[in-house]
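Chains as they are written, first to last, in the working numbering: chain B, 1483 to 1898; chain P, 613 to 852.
Some hints could be false.
As the list claims (entries may be wrong) - Distance ranges between label pairs, derived from CB positions: (1) B:Ser1808 / P:Glu827: 47 to 55 angstroms; (2) B:Lys1810 / P:Gln834: 40 to 48 angstroms; (3) B:Leu1848 / P:Glu827: 29 to 37 angstroms; (4) P:Lys832 / B:Gln1850: 31 to 39 angstroms; (5) P:Glu664 / B:Lys1613: 23 to 31 angstroms; (6) P:Ser726 / B:Ala1726: 15 to 23 angstroms; (7) P:Gln784 / B:Arg1572: 33 to 41 angstroms; (8) P:Lys694 / B:Gln1659: 37 to 45 angstroms; (9) B:Gln1850 / P:Lys735: 22 to 30 angstroms; (10) P:Ser826 / B:Phe1680: 45 to 53 angstroms; (11) B:Ile1821 / P:Gln784: 31 to 39 angstroms.
As the list claims (entries may be wrong) - Stretch-level coverage of chain P by chain B, calculated; a stretch enters the list once three of its residues show a Cβ under 8 angstroms from a Cβ in chain B: (12) 648-659; (13) 685-698; (14) 814-828.
As the list claims (entries may be wrong) - In the SDA-like style, the derived pairs of lysine to any residue whose C-alpha atoms are separated by at most 25 angstroms in a straight line are: (15) P:Lys717 / B:Val1532; (16) P:Lys641 / B:Leu1611; (17) B:Lys1729 / P:Ser726; (18) B:Lys1820 / P:Leu638; (19) P:Lys719 / B:Val1823; (20) B:Lys1491 / P:Leu689; (21) B:Lys1810 / P:Gly814; (22) B:Lys1491 / B:Phe1603; (23) B:Lys1617 / P:Leu638; (24) B:Lys1613 / P:Lys692; (25) B:Lys1743 / P:Asn728; (26) P:Lys813 / P:Pro775; (27) P:Lys735 / B:Pro1735; (28) P:Lys730 / B:His1761; (29) B:Lys1491 / P:Gln680; (30) B:Lys1606 / P:Lys617; (31) P:Lys650 / P:Lys719; (32) B:Lys1613 / P:Asn616; (33) B:Lys1820 / P:Tyr842; (34) B:Lys1743 / P:Gln722; (35) B:Lys1763 / B:Ile1805; (36) B:Lys1606 / P:Asn616; (37) P:Lys683 / B:Glu1736; (38) P:Lys617 / B:Ile1614; (39) P:Lys719 / B:Glu1730; (40) B:Lys1820 / P:Arg839.
Source of the hints: derived by calculation from the structure; they are not laboratory data.
Here a beta-carbon is modelled for each residue, glycine too, at the ideal position from N, C-alpha and C.
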Amino acid sequence: MPQQKITIKINAINKIEGHAGFVGKLESGQIFEARLEVTEGARLIEGILVGRKIQEAPWITSRICGICPTIHNLTSIKALENALGIKASRQTISLRKLALLGQTIQSHMTHIYFLALGDFFNLKNDAVLIKINPKNAANAINLRDFGNLILNIVAGRNIHPTTTAIGGFRRLPSANQLKKIAILAKENLEKADQFFDFLNNLFFPQFQRLTVFAALCDDKEYGFYDGKIKLPKNKIYAPEKFFAKAKEFQERPEELIKKVKIANESYLVGALARVNLNHQKLNPAAKRALSRASFNLPCYNIFYNLLAQMIEVIHAIEETKKIIASFKVKSEAPIAYKIKVGAGLAATCAPRGLLFHYYEIDKKGLIQKCNIVTPTAQFLANLENDLEKFLEKPRTNDDIKMLIRAYDPCITCAVH
Amino acid sequence: MKKNKKTLLITSLTSCNGCLFAILDLGQKFFDILSRFKLLSFHLIEDEDKDETDQIDIALVEGTVATQTEKERLFILRKKTKFLIALGACSHLGNIQKIKNYGDKEKIFQRVYSDNAKIENRKIEPLSAYVKTDFTIPGCPPNKNEILEILRQLAIDRKPYLPNRPVCYECQIKGYPCLLQEGKPCLGPIIRGGCEAICLKGRMPCTGCRGETSEPNMEKMQEILGRKEYTRVLEIFGNK
Chain B
1483 MPQQKITIKI
1493 NAINKIEGHA
1503 GFVGKLESGQ
1513 IFEARLEVTE
1523 GARLIEGILV
1533 GRKIQEAPWI
1543 TSRICGICPT
1553 IHNLTSIKAL
1563 ENALGIKASR
1573 QTISLRKLAL
1583 LGQTIQSHMT
1593 HIYFLALGDF
1603 FNLKNDAVLI
1613 KINPKNAANA
1623 INLRDFGNLI
1633 LNIVAGRNIH
1643 PTTTAIGGFR
1653 RLPSANQLKK
1663 IAILAKENLE
1673 KADQFFDFLN
1683 NLFFPQFQRL
1693 TVFAALCDDK
1703 EYGFYDGKIK
1713 LPKNKIYAPE
1723 KFFAKAKEFQ
1733 ERPEELIKKV
1743 KIANESYLVG
1753 ALARVNLNHQ
1763 KLNPAAKRAL
1773 SRASFNLPCY
1783 NIFYNLLAQM
1793 IEVIHAIEET
1803 KKIIASFKVK
1813 SEAPIAYKIK
1823 VGAGLAATCA
1833 PRGLLFHYYE
1843 IDKKGLIQKC
1853 NIVTPTAQFL
1863 ANLENDLEKF
1873 LEKPRTNDDI
1883 KMLIRAYDPC
1893 ITCAVH
Chain P
613 MKKNKKTLLI
623 TSLTSCNGCL
633 FAILDLGQKF
643 FDILSRFKLL
653 SFHLIEDEDK
663 DETDQIDIAL
673 VEGTVATQTE
683 KERLFILRKK
693 TKFLIALGAC
703 SHLGNIQKIK
713 NYGDKEKIFQ
723 RVYSDNAKIE
733 NRKIEPLSAY
743 VKTDFTIPGC
753 PPNKNEILEI
763 LRQLAIDRKP
773 YLPNRPVCYE
783 CQIKGYPCLL
793 QEGKPCLGPI
803 IRGGCEAICL
813 KGRMPCTGCR
823 GETSEPNMEK
833 MQEILGRKEY
843 TRVLEIFGNK
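From just these sequences and the hints, can you work out the full model?
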C-alpha cells in the first residue's frame, strides 16, 4: 500500500475563548501529530508583574481572562495573603466563595450555550440557535445573567472585579442585595433543572479514552475556593506538593502555551474531572441531576463535560442559597497588614479546572517572581491525546472542532 | 429595507476577550440590535467568519497587535472597513500588556520563556499607532450600555457620539465618597468617564482604563499623587 500522508488543518477554531487553530498529521492511517496552534500573541503577564506593587497583581491578573477574571483575581489575592501570613475572615471567605459560584455559573452557561451547544445541532450561528428554541435560549441567558448578578453584587463588576482586595472587601454587599440573590436562586434552580434535562436528551458522541483526573477537594464541600488536590484512587496532595510535581514544559520553541504533565502523564481538570472525583459532595438537586444523567461514573467521555458543567451550575445555585443563609453580613474593613518578605502559592478550581498562582514578595512590597498555571495549560496535553485517539476513525473538521470545544479551552488564559 | 443592512464585523487581536463578553452580557438586547445588521464575524457566536468580503461597513476591534500576523490582519481589515472602532482599553491604549514597554522587554520576556523560545515580543501600541481609527469605545471592560448605544446610533446612520467628562463628574453625581480626599491614588479627575464610576462604587480608585479626558490637568494630578505614584498608576493601562 502506498504511503498516504494527510494533513488536516483548521486555521481558526471559533467559539472558544481566545484564538487557536488545529493541525493534524496522518500517515497511512497512523496519527503522528494532533495539536492546537495558538494564533494570538503573548502578553507576558508573569514578566510584567515583577517589580510592581503587590496590590496591582489581583487587578492585573484578572485581565488574563474575560470569561473567568474573578477566579484569577481571587487566586492572586489568596496567594498574596499566604505570602503575607494574612488569614481572611469567615465572612470574607463566604463572600469570595459566593463570587466564585457566580463566576462558575456565568462561565459554564456561556460555554454550554453560546460556545458548545450549536455543535449538537450542526448550527454555525447562535442567533439561529436562539430563534429555533427560544425557551431554552431564555433559560440559558437568564441563568448566565444570574451568575453575572452575583458577581456584580459581590465583586462589584462581573468582568474584572472591583471590590475584592488583599485582606477582605473594599465594599460589602448589603443584606438586601444578598437576599435578592437568594430569592432569585429559587427560580433559577428550576430553570437549571429544566435546562439540564434538555441537555441530557441530546445525542452525545460516544468516544472515550482513559485518563487521570485532578481537582481541588475540600473535606466539607464541593470545593472551588480551598482544599487539597485530589487524583483518582483517593490520592491526595497538598497544593505545594502537586505544584512541584506538575511540570510545565514548552514543547516546541514557537509554542506559546507551556503544557503541564505529572510524572510524564497528561491529566484532565475541569467540570468532568471534578464531578468524577467529588460527586459525593454535590448538593441534593445536583446529585439528583447526576442520577438522571445519560453517563455513568467514572466517565472518560469529554463530550459529557457539558452535562458535568450543568450539574455544577445546579450545585452552585443551591450552594448560593446555603452560603447566604449561613451568615449575616457585618461591616468589616479589609485586614490591615504589614509588608514582609515571603512566598505564597494558592490553588483554586476555576470553571475550567485547577488554577495556581505563585508569588514572591520583597521587603518593599514589590513582586519578585510570579508563576501562573492555568487549567487549559494543564489539560492541553490531555486534549491533544484525545484528539490523536479521536482521529483513529475518519472525522470531519466539524467533529474535531466539536471535541475541542467540549473541553472549553481558554487560550487567553493558557497563554497569558 | 433589507438590502440596506450594514455589515458588521466584531473581532479581536491579543487580549482577554473581555470586551466580547461585555457584548454578550447585553443578552437578548444584543441579539435584537444584531437583527439590524448583517453580521460577518464574531468568533464567540459564529463558527465561520465571513470577512472575505471587500466591503465592511463597521468593524469593532478589540485587543492589541502582538504578532506580525495580527499586524497584517489589521492592515487588511482597515483597507476593507469604512468605520473602524477601537473597542476597549487594549486597542485604545495598549492595556496591561503595554507595561513591558516601560521596562526592558527582553528581560521581561526571559522571565516567562526560555532562551531558545521563538516567540514574538513586539512593542505594544494602541491600534491608532498602526491604522486610523474612526472611533473609540473606551474601558477595561467597556461599559456594555455604551456599546449598545453606539450600535444603535450606527444602525440608524447617526454619527456615533459618547460624552467626554471626567470620572469625577459621574462619581460625584452618584454620591460616592471621594477616594482622592482619603489620600488614595485615584485618577478620577483626569480620566474620561462614561463608566458610571463603577470602580469608585466598589471603593477601588480609578486607575485610568478609559484614557485621558479632554483637557486634563496632568500637572496638578502629578502634584497631588507625587511623581512616582502618578507614573506607576498611569502605567497600568498604558496611559504613560
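Here is what the structure says about each hint:
The beta-carbon spacing between B:Ser1808 and P:Glu827, approximately 51 angstroms, falls within the hinted interval of 47 to 55 angstroms. Restraint check, B:Lys1810 to P:Gln834: a C-beta distance of roughly 44 angstroms satisfies the suggested window 40 to 48 angstroms. Hint check: B:Leu1848 to P:Glu827, Cβ distance near 34 angstroms, so the stated range 29 to 37 angstroms holds. Here the CB-CB span from P:Lys832 to B:Gln1850 is close to 34 angstroms, well matched to the stated 31 to 39 angstroms.
About 25 angstroms separates the C-beta atoms of P:Glu664 and B:Lys1613, a value consistent with the hinted range of 23 to 31 angstroms. Between P:Ser726 and B:Ala1726 the CB atoms are about 19 angstroms apart, so this pair conforms to the stated range of 15 to 23 angstroms. Evaluation of the 33 to 41 angstroms hint for P:Gln784 and B:Arg1572 yields a pass: the beta carbon distance comes to about 36 angstroms. Range check, P:Lys694 to B:Gln1659: Cβ separation about 44 angstroms, and the 37 to 45 angstroms hint holds.
Here the CB-CB span from B:Gln1850 to P:Lys735 is close to 25 angstroms, well matched to the stated 22 to 30 angstroms. Between P:Ser826 and B:Phe1680 the CB atoms are about 51 angstroms apart, so this pair conforms to the stated range of 45 to 53 angstroms. Between B:Ile1821 and P:Gln784 the Cβ separation comes to about 33 angstroms, which falls inside the hinted range of 31 to 39 angstroms. By the rule of at least three residues with a Cβ nearer than 8 angstroms to a Cβ of chain B, the coverage given for the stretch 648-659 of chain P holds, with 6 such residues.
Only when three residues or more bring their CB closer than 8 angstroms to a CB of chain B does the claim for the stretch 685-698 of chain P stand; here the count is 0, and the claim is violated. Coverage of a stretch by a chain is defined here by at least three residues with a beta carbon nearer than 8 angstroms to that chain's beta carbons; for the stretch 814-828 of chain P and chain B the count is 4, and the condition holds. Straight-line distance between C-alpha atoms of P:Lys717 and B:Val1532 comes to about 12 angstroms, which keeps the hinted pair within the 25 angstroms bound. Distance restraint check for P:Lys641 and B:Leu1611: the Cα-Cα separation of roughly 16 angstroms lies within the 25 angstroms cut-off, and the hinted pair is therefore satisfied.
Of the pairs offered as hints, the one joining B:Lys1729 and P:Ser726 holds, with about 15 angstroms between alpha carbons and a cut-off of 25 angstroms not exceeded. Restraint check for B:Lys1820 and P:Leu638: the C-alpha separation of about 42 angstroms exceeds 25 angstroms, so the hint is violated. With a CA separation close to 23 angstroms, the supplied pair P:Lys719 and B:Val1823 stays within the 25 angstroms bound. Between B:Lys1491 and P:Leu689 the alpha-carbon distance is near 23 angstroms, which keeps this suggested pair within the 25 angstroms criterion.
Between B:Lys1810 and P:Gly814 the CA atoms are separated by roughly 20 angstroms; this keeps the pair inside 25 angstroms, and the hint holds. A distance of roughly 23 angstroms separates the Cα atoms of B:Lys1491 and B:Phe1603; the hinted pair therefore holds under the 25 angstroms criterion. Of the supplied pair hints, the one linking B:Lys1617 and P:Leu638 holds, its CA atoms being roughly 18 angstroms apart against a limit of 25 angstroms. Pair hint B:Lys1613 plus P:Lys692 does not hold up; C-alpha atoms about 31 angstroms apart against a cutoff of 25 angstroms.
Between B:Lys1743 and P:Asn728 the CA atoms are separated by roughly 21 angstroms; this keeps the pair inside 25 angstroms, and the hint holds. Between P:Lys813 and P:Pro775 the CA atoms are separated by roughly 20 angstroms; this keeps the pair inside 25 angstroms, and the hint holds. Distance restraint check for P:Lys735 and B:Pro1735: the Cα-Cα separation of roughly 20 angstroms lies within the 25 angstroms cut-off, and the hinted pair is therefore satisfied. A threshold of 25 angstroms between alpha carbons decides the hint, and for P:Lys730 with B:His1761 the separation of about 43 angstroms lies outside it, so the pair is violated.
Proximity of B:Lys1491 to P:Gln680 is assessed by CA-CA distance (about 20 angstroms); at most 25 angstroms being required, the pair is judged to hold. Note on B:Lys1606 and P:Lys617: the hinted pairing holds, with a Cα-Cα distance of about 21 angstroms set against a maximum of 25 angstroms. The suggested pairing of P:Lys650 with P:Lys719 is violated, with an alpha-carbon distance near 45 angstroms, which exceeds 25 angstroms. Simply put, B:Lys1613 and P:Asn616 have alpha-carbon atoms about 22 angstroms apart, close enough for the 25 angstroms limit, and the pair holds.
Of the pairs offered as hints, the one joining B:Lys1820 and P:Tyr842 holds, with about 23 angstroms between alpha carbons and a cut-off of 25 angstroms not exceeded. For the given pair, B:Lys1743 sits about 22 angstroms from P:Gln722 by alpha-carbon distance, which is consistent with the 25 angstroms threshold. Between B:Lys1763 and B:Ile1805 the CA atoms are separated by roughly 15 angstroms; this keeps the pair inside 25 angstroms, and the hint holds. With a C-alpha separation of about 24 angstroms, the suggested pair B:Lys1606 and P:Asn616 falls inside the 25 angstroms cut-off, and the hint holds.
Between P:Lys683 and B:Glu1736, the direct Cα distance comes to roughly 18 angstroms. Compliance with the 25 angstroms bound is thereby established for this hinted pair. A C-alpha spacing of about 23 angstroms is found between P:Lys617 and B:Ile1614, which places the hinted pair at or below 25 angstroms, so the restraint holds. Between P:Lys719 and B:Glu1730, the direct Cα distance comes to roughly 20 angstroms. Compliance with the 25 angstroms bound is thereby established for this hinted pair. Distance restraint check for B:Lys1820 and P:Arg839: the Cα-Cα separation of roughly 24 angstroms lies within the 25 angstroms cut-off, and the hinted pair is therefore satisfied.
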